[in-house]
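Asks: Okay, here's what each chain looks like letter by letter:
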Amino acid sequence: MTLIKTSYNRRSFMKASALGGSGLMIGFSWLASCQSAGEKAKLPEEWFDINAFLKIENNGRVTILSPNPEIGQNVKTAMPQIVAEELDIDWKNVIVEQAGYDISKYTRQLAGGSQSIRQGWESLRMAGATARRMLMEAAAKQMEVPVSELTTSDGVIKHSGGESVTYGEVASAAASIPVPEKVELKDPKDFKIIGSPVGNVDAAKIVKGEPLFGLDVQKDGMLIAMIQHPPSFGMKLKSLDDEAAKAMPGIKDVITVSTKIDDDKRQWSDTNAFTELVAVVGESTWQVMKAKKALNVTWEADSQMESSIDHETALADFMKKKPAEVTRKDGNPDAAFKSAAKVIERTYSAPFLAHNPMEPMNFYANVTAEKAELEGPIQTPEFMSKSVSAILGLPEDKISIMMTRMGGGFGRRLYGHFGIEAAVISQKVGAPVKLVYSREDDMTQGTYRPAYKVTYRAALDKDNKMTAFHVRGAGVHGSPVFADRFPAGTVDNYLAEDHGLESNISTGAWRAPRSNFMAGIEGAFLDEVAEAAGKDPVDFRLELFDRAISNPVGEKNDYDPERYAGVLKLVKEKANWGAETPGVHRGVTAYYCHNSYVAQVVDIVMDNDKPKVKKVWCAVDCGIVVNPSNARNQIEGGLIDGMGHAMYSAMTFKDGQPEQSNFNNYRLIRNTEAPEEIETFFVDNGIDPTGLGEPGLPPISGALANAMAKATGKRLYNQPFVNEALALG
Amino acid sequence: MANYNLNINGTTRQVDVDPDTPMLWVLRDHIKLVGTKFGCGIAQCGACTIHLDGNAVRSCSVPVSAVGEKKITTIEGLSENGDHPLQQAWVEEDVPQCGYCQAGQIMNAAALLDNNPNPTDDEIGKAMNGNICRCGTYVRIKKAIKSAATKMA
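Line order of the protein sequences matches chains R and V.
Residues in the first sequence are numbered from 1 upward in steps of one, following the numbering used here.
Residues in the second sequence are numbered from 1 upward in steps of one, following the numbering used here.
Hints are computed from structural coordinates only; laboratory data are not their basis.
Since the model is a prediction, treat every value here as computed from it, not as a measurement.
By construction, the Cβ of each residue, glycine as well, lies at the ideal position given by its N, Cα and C atoms.
Careful, some of the hints might be misleading.
[Said to hold, decoys possible] Examples of chain V residues toward chain R, derived with CB under 8 Å:
1) Trp25
2) Lys32
3) Gly82
4) Tyr138
5) Val139
Please put together the full structure from these sequences, using the hints given.
Replies: Below you can see the structure in the form of structure tokens.
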């Protein structure tokens, strides 16, 4: 056991109370822990900050209420595992419930993204350990023995003399024990539930098709609403003829709505290209869908209507243009490039991407003069609440938002305009409505992963040592380059530069923002540099890490070169890198993001000129793995997501209009295109856990491009790869 | 609007809807069986897969007027207690991430195993290619189908 002082703000962090006279309830701030250290200090010190509960009933049953919505990253299972571990109970007796929304108790309910486990680690452990300590103190009183003579195991407190009581038996008594100032945390070596592959707590409901998602919400008197947004970025509503639509069966109303929020009240999550909409409201979804088709809407130009070719040209111009914003410079890159024996220069690009979570955007809203009730899939209810308050003119304490399980997000549901639209429509028609987006409404709405272009240059001296490295990045609404990431720190002369292109096409965070492009192209470029240097790509990288370990350049390098090299060495060993199998082509790369390290080796064979991924080996260093089954699932899904989008997916535009609108023209990876086998190895180092939902995605596109270069002799520079070599599709 | 008597999960249900209403919306809006999911509306993603007389179909593209007396099975009626070998395998293999597409995946796989109790990897892939999983659980979906097939043999 490690004795730690239960640090920040005990009083606001934990509250104990009796559970209706029959058990112990500990309230604690789950979300305090899901925020960065800087934000923690701002938390209010009152009871209302308590947003999660741990209930221990007299029968020994333990309920953990999770206040955070679940988006597929499995925090609803993994976070309670951490509490249960320190509480020292049998997981079989644990029930996990989604906390009901309660504006009087819960504030700051927001999904923590890839950082949930990392940020939550300490406080979730303390919550469990605090409850355990209080139960032990209650047992000590009852047995009239010192606490130091007690031990716990699976929900039973044992005295060294032989006497024992269950947690349930002392739960009520524990409610009167003061919350301790110090608690003991387990040694990670003793973990039983953390590190155990317990199943997804919602699995049984998912496989039975029980209502869990926002789109499944049904309420008395609820109408269905759909919106029509402009067909092109750069257009706005001119006039509306709704006569035919209004006359259709089941249609209650056709209205125009504005969701434009004043600049001073806008939240970062209010990213939205279309704030003037037509809405059709009716009794059932199909009736509304049909009426939408009967609308006669005239749109007019509002600003520039951009085409993909314009973006391509502008981004390409940036690659040649100076000055750029220099974000990092080490040594004298100009001189180093001039005196180089070899210079390798390559340019890479990627298109816009849509998020396309399988559950289309939707939200339920019931707005009256007094209050607004909202329910649906949202990662950022706190910001939605502020925006709804601003648009409706209702104070925030009159607004409630219930979060449902989300049918995927990948960043899309950070931007809650659909909830604001539902609220405005409900207010205007004076009825509860569920707003439903069609797939087309969502895919053509914006909030895309931006298009990017990056040029790399590397200088090698006559001994094939890398003497300079230069990266110049450009993207719509900003550059994707991370100036302080590898290979910064490994080379004496280094330059990173950024350009950003303004656009009226809205963009947003898309799973592993920027990393989702940078990892793959860095891996592909260094593969070519290693080739030019006559070195094996793994050895070439390991030499660079050696430099960063022994004598790093600069002080701001944001990675740990030993852990980085560690995953590369591990994947090298597990995949038996260097072994050649006839007809099998291998590629490798590694990347660091979200505080975790991932290296991947991919084996492909060519089948009728198309690549077939036989196997992917992944080595992952994300510290302690809370749930190995789900951790592997996240890595597997992440790399399939990464390879699928690099291979097949693109959003393109012609005169402001998206050229893709549904899965018939926007290609997503499918079952037969997924790897036949994926094997994932985690570094067992006992370090506190780091991100896992995103780091599996970024590197694979590089490993895949490198394997395809081996197979075909052709390097791939522009995503989606299927467009570069049509035979690949 | 017209009246239809539909055989859904072994029970006759009456609905009064437009003849062109897709079964997806009949199930979700009128029968209140929401396990069948809306994903694309154009039979490209498979989230809305149901069985018509045991065959997997995309309910977003089957108008109610085309159903007649065919037996409709939804995820809610695949097994009495949610214990179809595929449902069990899905839990055992810890397949779902977000979970949204999985009912459609399971319904499609159930029809596959009815027709081909011992499919090869290739046959599984081809049969399941119409079902998108945006979370990328394809490798586990394959494993779960093979595991269920073994148990059903």
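Asks: Look at each hint and say if it fits the structure.
Replies: Going through the hints against the structure:
1. Trp25: holds (4 Å)
2. Lys32: Given a least distance of 6 Å, the restraint on lysine 32 of chain V holds.
3. Gly82: holds (4 Å)
4. Tyr138: Result: holds, 4 Å to nearest chain R Cβ.
5. Val139: holds (6 Å)
Checked against the numbered hints given earlier, the structure satisfies every one of them.
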